[in-house]
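Trainee: Residues per chain, in single letters:
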Amino acid sequence: MTQPPLPAIGPDTAPFYEAARRGELRFQRCTACRTWRHYPRPACPACQSRELAWERASGRGTVYTWTIVHGPTLPAFEAALPYNVVDVLLDEGIHFVSQVLDCRPEELHAGMPVEAVFVPVSDAITLVKFRRLR
Amino acid sequence: MRERGIRDRAAVAGIGHTAFGKALGRSEYDMAVEAIWKACADAGISPREIDGVVRYDMEQVDEEQLLAVLGNPDVRFFAGTPFGGGGAAAVLVVAATAIAAGQAETVLVFRSRARGRRSSYGGHPHQGGRYWEKLPAELPGLNQWHVPHGLVSAFQEMAMIAMRHRIEFGTTDDQYADVAIAFRDHAIRNPHAVMRTPMTRADHHASRMIAEPLRLFDCNIETDGACALVVTSLERARDLRQPPALIRAGAMAAGSHHIRLSTLLARGFDDDSARRAARRLFAMADCTPADVNAAFFYDFFTALVIIALEQYGFCGRGEGGPFVQDGGLAWPAGRLVCNTNGGQLSEAFIHGFNNTLEAVRQIRGTSTSQVAGCELVLVAGANTDPTGAVILARDR
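Here the protein sequences line up with chains A and B, keeping their order. Every number in this note's numbering is 7 more than the matching position in the first sequence, counting from 1. Every number in this note's numbering is 1320 more than the matching position in the second sequence, counting from 1.
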């Protein structure tokens, strides 16, 4: 496999990817108790309401934790080794796994402010990555 | 009786395992049956006496295959535990629950893995080799939120959990080495262990980086092999060949999060499944961590053992690193002697079950790194999943 695996868009996740294609970061939010949630799911874990909206998030957050992958990894990612993977704590309180672009491993640190950037990888899929907020 | 749950209702009466190795060239079915037959012989029973089966739900040797060899026309209890290594101790909770409820008398629990890197025998991710190399090009489920960003496997997820522990508490490479070296030293004394060459601190630090902060020697080995044990009622166990290892207490725990990072990282320490399991476990056992003579943590990674010590209350939050220093987990004189078989870091990786067998040996007094006067032993499943744990006890 030389192409990286991509998300299979399903009915529960399509709104996320449609928003990302437009350059928007959207997550499910409970319309009853206003709790944000990710990963997408059909009820609120805080109040069990089934009512939800896909609301737009700021796209800003800070690096909560990270790793630098040295391999082994999938063949599609080998050319990029070593690469970072980060967990971003978004201002909305959501944890989101992604990467910080154009950031050397030694520059990563906890609490580093970042903002979302949108990287199209196919007609259907735009991945949400991050860059340093200066 | 209800509030005492499964306390002292069942006991491990027999244990058995195959040889462990990097590529044994055997089927999981064949290895499972060898281990099961040995566990039955150890207990002094016939496989025909097994009337219940509990397995990990990802175990590929299924009931159909077992029924074809066990020879009992009246097997009456089947169950499986989810969450992979998180169910490694929960299988004993299920077996003891079935026995306490009278749904079965003699329950088989086992795990068989042809899982060395060269041992893949099918297209299913759980049929050996590296499961993440079998990911589909279009990712359903939660993998779609991680894999496209290069987070392809559990060891990379655990690296991020380990990194957060370093961010908060300053855990060090030397502390990781302390865990790896202690378990390696145990493996050297264990003739069944796969990794038996001595490891120095320099060896640990020189091993290649896999996913920062985890090096190769921070990761469990991948091996082939099978382990089985026979659980029966305490009354029956007392009539069998071996001294019983009582299941003094058992707990499962799951909450609103799961191993996948975006929910796992969002929860607080006291919401950890392992914390919840520990509270119920010690209450049922009516003891404290200080009473435990030896512990078996799910050592898929050195860094996660350090976190487990905190979750199970052997030290305070953030104190796991200092706890493991200076031979803190090493036989015979550590603060808490752990994983005396060498664990999954150095004996074999049978999804935690090889650690459970060694816990039984500690109760029997037959370990190659035997803790003197060992009466209470903790066995914990993987500590990032929904999880479970048991306390085994010597009889009377």
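Any given hint could turn out to be false.
[Said to hold, decoys possible] Using C-beta positions, here's what the derived DEER-type ranges look like:
no.	chain 1	residue 1	chain 2	residue 2	range
1	A	T69	B	L1536	45 to 55 Å
2	B	D1611	A	P52	46 to 56 Å
3	B	T1517	A	P112	43 to 53 Å
4	B	R1600	A	T38	33 to 43 Å
[Stated by the list, open to error] In silico contact screen, one side only, chain B against chain A (beta carbon under 7 Å); selected entries:
no.	residue
5	L1387
6	V1389
7	L1462
8	Q1464
9	H1469
10	G1470
11	L1554
12	L1560
13	D1646
14	G1647
I should point out that these hints are in silico values taken from the structure, not numbers from a laboratory. Glycine included, each C-beta is placed from N, C-alpha and C at the ideal position.
Trainee: Any hints from earlier that this structure breaks? Give me their numbers in increasing order, please.
Mentor: 1, 2, 3, 5, 6, 11, 12, 13 and 14
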